[in-house]
Amino acid sequence: MTEPTAVLDVRTLGVRRGGLALALDGVSFRVDRGERIGVVGHSGAGKSTLAGALLGLLPRGAQLTPQSELYLGGDAMHRADARRWRAARGARIGLVMQEPMLALDPAMRIGAQVAEAATAHGVARDDADARAIDMLAKVGFGDPRAAARAYAHELSGGMRQRALIAAAMLMRPAVLVADEPTTALDPTIQAQVLDLLDALRAESGTALLLISHDLALVSERCDRVLRLEQGRLVEDDAAATVLARHRIAEYRHAETAPPRPSPEAAPPVLDARDITVRYGRVEAVRGVSLALRAGEALGVVGESGSGKSSLAHALLRLVPIAEGTLRLGAGREGAEPIDLGRLHGEALRRARRRIQLIPQDAGASLTPHCTAESLVAEGLEVHGLARGAEALRRARALLDELGIDAALAARRARQLSTGERQRVAIARALAVGPEILVCDEPLAAVDEATRERIIAVLETQRRGGLALVVISHDLPAVERLAPRAMVMYLGRVVEQGASATVLRAPAMPYAQALVSAVPTGDPAATRRRIVLQGEIPAPASPPPGCAFHPRCPHPQKDERCTSERPSLVPIPPLESEHHAACWKLPLPPSR
Amino acid sequence: MRGAFLRRVGEAALLVGFVVATCFVLIRLAPGDPFYGPLDSATWSAEQAAVQRAQFGYDRPIPEQFLRYVWRLAQGDLGWSHARGQPVAEALATALPATALLITSALTLAFLLGIALGAWQGWRRESRLARLTDLASLTVLSIPEFLLALLLLIGPATAWGWFPTGGLRDPYLPANAGVLLDRLRHLALPTLALALPIMAVVMRLQAGATTAVRDAEFIRAARARGLPDRVVLRVHALRNSLIPALTYAGVQLSTALGGAVIVEGIFSWPGMGRLVVEGVGRRDYPLVAGAVLIAAICTVLGTLLADLALLWADPRRRRPS
Ligand SMILES: Nc1ncnc2c1ncn2[C@@H]1O[C@H](COP(=O)(O)OP(=O)(O)O)[C@@H](O)[C@H]1O
Ligand code: SF4
Ligand SMILES: [Mg+2]
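Chains as they are written, first to last, in the numbering used here: chain Z, 1 to 591; chain E, 1 to 321.
The following block holds chain Z by itself, in its conformation from the complex (with noise of 0.2 Å):
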């Protein structure tokens, strides 16, 4: 049989998934105790369905082919029935899912979930109940037992996903199995949990088989890397050699970009003045300011909920504008400046087509039964820029520019993949010609491909004239497509500059965290990495002071910031228009 050391050896491994094409088509590799494997690959290139041939839960109507051998710590589970599977599956190898969201039963105590965990393998009721508390404090809930008792909608994606890691390590797997863990989570999240994981892993010897479609996050928690493509591993090396040849491959595609052409002082297209937006009590954007020139593009980042999607649906007037002034420039047609503030009715219509969103999700809420031709040419119709058969050409057009053929473009969009729903998404948005383009969280979900041809579109359209405002998680990718970024905290503008400045060595602290959570592929860097303690705080009642005061990491922070509000201020040279807001400026840079 195997050689004792192996938790886990897989040989030849096949899924059948209906059809002649293998899901999955002779993988083989073998994991020893305690090492740290990653596995990236496009999405569609078999990685779920390796974690789940790993754990014997293929989907319905999925199977191994009959050469599939699968051995963990020496068993031969390709032979195992549903009673043997099931021993193994929680007690001997687990698994965290990707998303927190959805993996927790709705109706059911947090506690009573982990402990299942220890019950299904014959531990007693009460004794698991103990060691789900045990384990639930080891994750991070400060209080173990108020966790306990919570459902899953009381608590964020964080700590969710943190509530299934107990739940799998409860009874210290050989093997654990994490299917793009952090995926759905903030990056600063990002970085709590995979520390976590990685702390449990060492803790008790287990081996990781951490699933990803970023090559940097796996290369820097992981020694070895196995890359799928198309249900076969085409590489199976030392993580670090992974990422530098993908780096070589990455750096031939960057030297063929043409330079960015750099924009006149012209006067600006979007002039937005100390907007505010409250919903209710709630101010979800306080007093941001920005100013974007044709052809420019701005980034904004900052951690879900602080208040991103409000500024981009209040630049489009889409929900009002409590305080300050919105204002669009002359237009390229000789339009008038306009003042988009006080605009109603027909005039917002009309200057609508100027500014246009990308919305978060944006190719999830297109009408599945309709056409990706249809529902570009739909905007034109509305707008009165063509009819009919001329709208449907022009429609055909903009989606082939966009990478989506004739065939592609004359499918329903329930029938195209996220990218290429995105992408429809974006081709609509252009198709009326507008002079901004607002998108919000445009790369969100789309595997590494797609992320390409999506920069790849916006930065032609900026070259042309457009002006963009990205928002994104996605730091490099904001890199790529803005020259100016600006990050956000609890609706406040609390940096803003150059990308390369902001996005790599920014001044203040919160800032600097939101930067040193991006992965980079070296593993050293998550001994440098800032990991902030807790979550955003609620909107509702922003901390006084500095808002970012109670999870600040700054050695220095004092009275005065539990008190006083730091303005934005300039940092020097003042040429390089670098602004942020902390009392303890300047700081020396973190990398």
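Hint data in this document are derived by calculation from the structure and do not stem from the laboratory.
Note that the Cβ used here is the ideal one computed from N, Cα and C, for glycine as well.
Watch out, some of these pointers could steer you wrong.
To be verified - Residues from chain Z shown here face chain E by an in silico Cβ test under 10 Å; the list is partial:
| # | residue |
| --- | --- |
| 1 | L57 |
| 2 | V96 |
| 3 | M101 |
| 4 | L102 |
| 5 | P106 |
| 6 | A107 |
| 7 | M108 |
| 8 | T119 |
| 9 | A152 |
| 10 | A167 |
| 11 | M171 |
| 12 | V177 |
| 13 | W583 |
Could you slot chain E with the ligands onto chain Z? The hints should help.
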């Protein structure tokens, strides 16, 4: 919490009042009255009827009658049933338990069995047996309710003689000799007639909801913890798929009385259904008003019960404590 509860009680009282008032007026607008019906005009002479009417106050304006009725109701007096020749309270007191027995046993059977079978069927959607139960529930649904009751009466009761054809119990049976068994024998067919159509609906609702939930991420997560399939179904899938059936239970708790009227008629079950039919036929104003009052209260309680069950099944509906 307290405010919400009080508002709820207020709404319920308003609903009961509105229903009772409407029926109070409608039955008085129908032709005839307790002393002169199109069917039994021979009972009273015109003069006698007029005297009786005046005595019971039926010659006064309807709003005045209603106020008087409410006033007496407040003192616990439901009035006199002309058709039964006894106080309405007494008539209701004999009929209500019979109907309550019938409806409770029918709904319990329909929901317990319907949810269990439906959950199993939805979980094992692809199996042959599941397809068979699916067909069975569809068949029951396609038979009109009264026909189903008649079929049960003709088959097991009349032709094969397995069950009694009517009544609540065997009057010739000596006391304490197998009384319970006799009760059950009498109860079986009416219960079945009332329960089967409801059960078919419950089964289909539950099966659909179970199928929808069985591929959910949290089900997969529960399996990954090593729980056996039957526990996953019973603990995680069931509770998260109960909402449609529980909502339907709320509806049934308030409308089952309607179905009971038909079934009670066919199986000569001495319950509220028969009482109401008799009361309406004889223009027995106080009896009808009393019966409607009870029905409205049942509706309100039934809805409340179903809402509480929904709160239990879905913690997200609860207010943050
Ligand atoms: N329609 C709304 N009604 C009330 N509060 C809202 C609404 N939309 C957003 N918020 C609140 O405003 C704050 C900022 O949210 P949002 O703009 O969505 O931030 P982000 O896009 O950075 O995640 C959050 O606390 C959110 O709960
Ligand atoms: S002002 Fe104080 S609390 Fe706020 S970021 Fe600076 S050091 Fe931290
Ligand atoms: Mg958002």
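The hints, checked one at a time:
The restraint placing L57(Z) at the interface with chain E holds, with a minimum CB-CB distance near 6 Å, inside the 10 Å limit. Interface restraint check for V96(Z): the shortest CB-CB distance to chain E comes to about 9 Å, inside 10 Å, so the restraint holds. Interface restraint check: M101(Z) against chain E, minimum CB-CB distance 9 Å, threshold 10 Å, status holds. Of the supplied interface hints, the one on L102(Z) holds, with its beta-carbon coming within about 4 Å of a beta-carbon of chain E, less than 10 Å.
Interface hint at P106(Z): satisfied, since its Cβ lies 6 Å from the closest Cβ of chain E, which is below the 10 Å cut-off. At about 5 Å, the closest approach between the beta carbon of A107(Z) and any beta carbon in chain E falls short of 10 Å, and the interface hint on this residue holds. Satisfaction of the interface hint for M108(Z) is found here, the shortest Cβ-Cβ separation to chain E being roughly 7 Å, below the 10 Å cut-off. With a least beta-carbon distance of about 9 Å to chain E, the hint placing T119(Z) at the interface is held under the 10 Å criterion.
Of the supplied interface hints, the one on A152(Z) holds, with its beta-carbon coming within about 8 Å of a beta-carbon of chain E, less than 10 Å. A hinted interface residue such as A167(Z) counts as satisfied when its beta carbon comes closer than 10 Å to some beta carbon of chain E; here the least separation is about 6 Å, so the hint holds. Checking M171(Z) against chain E: minimum C-beta separation of about 8 Å stays under 10 Å; hint holds. The interface hint given for V177(Z) is met, as the beta carbon of that residue sits about 9 Å from the closest beta carbon of chain E, less than 10 Å.
The closest approach between the C-beta of W583(Z) and any C-beta of chain E is roughly 35 Å, which is over the 10 Å cut-off, so the hint fails.
Violated hint: 13 only; the structure is consistent with all others.
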